[in-house]
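Student: So you can see what is in the structure, the chains are spelled out below.
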Amino acid sequence: MKRRFKFENAYLIFVFALLYLPIFYLIIYAFNKNGNMNAFTGFTFEYFQALFADHRLILIVVQTFLLAFLSAFIATIIGTFGTIYIHQVKKKRQNTILSLNNVLLVSPDVMIGASFLILLTSIGFKLGFASVLMAHIAFSIPIVVLMVLPRLQEMDQDMINAAYDLGATQRQTMTEVILPFLTPGIIAGFFMAFTYSLDDFAVTFFVTGNGFSTLSVEIYSRARQGISLEINALSALVFILSILLVIGYYMIMRSADEDK
Amino acid sequence: MTKKIQLSAIPYCLWLFLFVLAPIALLVYKSFFDIDGNVTLANYGTYFTSWTYLKMSVNSVIYAAIITAVTLIISYPTAYFLTKLKHKQLWLMLIILPTWINLLLKAYAFIGIFGQSGAVNGFLNFMGLGSQQILFTDFSFIFVAAYIEIPFMILPIFNAIDEIDGNLIKAGYDLGTTRFQNFTQIIFPLSMNGVRSGVQAVFIPSLSLFMLTRLIGGNRVITLGTAIEEHFLVTQNWGMGATIGMVLIITMFVVMFLTRERGSKA
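Protein chains in written order, with our numbering: chain A, 1 to 260; chain B, 1001 to 1266.
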């Protein structure tokens, strides 16, 4: 019994090492004096300094975050009202809408990118920030719906009826009863949409054109030219940010659970 | 009452039409046009008569199948062992954490690790085996793709095993099953729905990982995704790209059909 347990632990350690070693490899070499990812010769902050001095890259980072924030924000609004609408329609229609809603979640990202490219160019959209923003909003909406809907289904219909009985207008019911109850789901949806947007490469790559670039696209074009430790430095920062986002997300989810 | 709420749902409904239905329709529509804008069935003709396209598609499916198999073999025991841990939700979160790091950065890490004088070759040299060409091979592509997909396989399997009623397992032991029988007769069959959704979550994206084929496969590996990207962004032959897209969509539906959740809760 005891030995068996040891094998299980050894296996899990192996898997965790497999998952994390490449990431730590990337981060550790950000501090390498040698200038490549081969031999660690000494400690330096040179590449972090280079990173902060690289105005083009800083601008791209800012753009990427602005894009993620805007697209998540707009997608959250559209998605939340969409969810309330889905919740009201009849069961049969609801299933149809939900399966359409999920189409973009299961489609390979290349297909989403290619079909959005056709769509945006055929309605005469100029490729750039606006087209990327549209695409990101579009693929974030179903995620928001998926995060908000369970919360809405949990909601007691009597609460809404009670609000009307007490003389609340429709607007008051919405802003003072329904939306506050949905808040945890809405925040979770916003968070997911935000990270999806930050992470996306394929869709952005298709609809971005020449003028506008996000972090993923920039890393792709730099990585095609070979190793540059500035990217390692950047990934170290991104890693820390990811951990902070995960912690933030779980804190919010936790306090939402306690509310129940 | 409903009228006003319907009004706020207009953007959502617009989105359904504009970004879900219209793109599919446009893709189908585009696949009937050649590069000069003439209506034609030639794209499908070319596709089904060209050995290159057919071979590429079959290869792409084979690569995706290998990636899925490798991922499953590594992930199933991991998910199973994880469910037995004390703070399992915390450990699960640590499994998911790497997915929050940009895929391009992970691919980039492997360019360093697998490179001519990277960590793996350094180790091989140290062992006296000499340097090998690792980057830009089938092996490196499958390895990196599996690396990226592992968390997406572990998560559904973990949830499926975790949901199994503990009483069923106890009942098994009470009826005299061995540990091995208990696993093969009770736990494994009950976790199949998790395995199916894991396979779905890994197989479909694996068909379209064009950035990995470019960065890690060094244009040696060509998948459906690579071909679509090539036609849309390099050769600008959107008709042919859309045709290959239709093939990808059909493959996707086949996979979804094969891995659909089966209702009977035996």
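Treat the hints as calculated values from the structure; they're not laboratory data. All figures in this text were calculated on a predicted structure; none of them were measured in a lab. Worth double-checking, as some hints may not be accurate.
Here are the simulated distance ranges between beta carbons [what the hints assert, rightly or not]:
| no. | chain 1 | residue 1 | chain 2 | residue 2 | range |
| --- | --- | --- | --- | --- | --- |
| 1 | A | THR121 | B | LEU1041 | 22 to 28 Å |
| 2 | B | ASP1036 | A | GLY35 | 47 to 53 Å |
| 3 | B | ASN1237 | A | LEU237 | 47 to 53 Å |
| 4 | B | ASN1237 | A | ALA17 | 52 to 58 Å |
| 5 | B | VAL1028 | A | PHE65 | 33 to 39 Å |
| 6 | A | GLN88 | B | VAL1058 | 42 to 48 Å |
| 7 | A | VAL62 | B | ASN1237 | 52 to 58 Å |
Using N, Cα and C, we set each Cβ at its ideal position, and we do this for glycine too.
Student: Could you run down the list of hints and mark each one as holding or not?
Tutor: Checked hints:
Here the CB-CB span from A/THR121 to B/LEU1041 is close to 23 Å, well matched to the stated 22 to 28 Å. Between B/ASP1036 and A/GLY35 the C-beta distance comes to about 49 Å, which sits within the given range of 47 to 53 Å. Roughly 40 Å separates the CB atoms of B/ASN1237 and A/LEU237, a value that falls outside the hinted 47 to 53 Å. Between B/ASN1237 and A/ALA17 the Cβ separation comes to about 45 Å, which falls outside the hinted range of 52 to 58 Å.
In this structure, B/VAL1028 and A/PHE65 meet the distance hint of 33 to 39 Å, their C-beta atoms being roughly 36 Å apart. At about 47 Å, the beta-carbon gap between A/GLN88 and B/VAL1058 stays in the expected band of 42 to 48 Å. Between A/VAL62 and B/ASN1237 the CB atoms are about 36 Å apart, so this pair departs from the stated range of 52 to 58 Å.
Comparing the model with each numbered hint stated earlier shows that hints 3, 4 and 7 do not hold.
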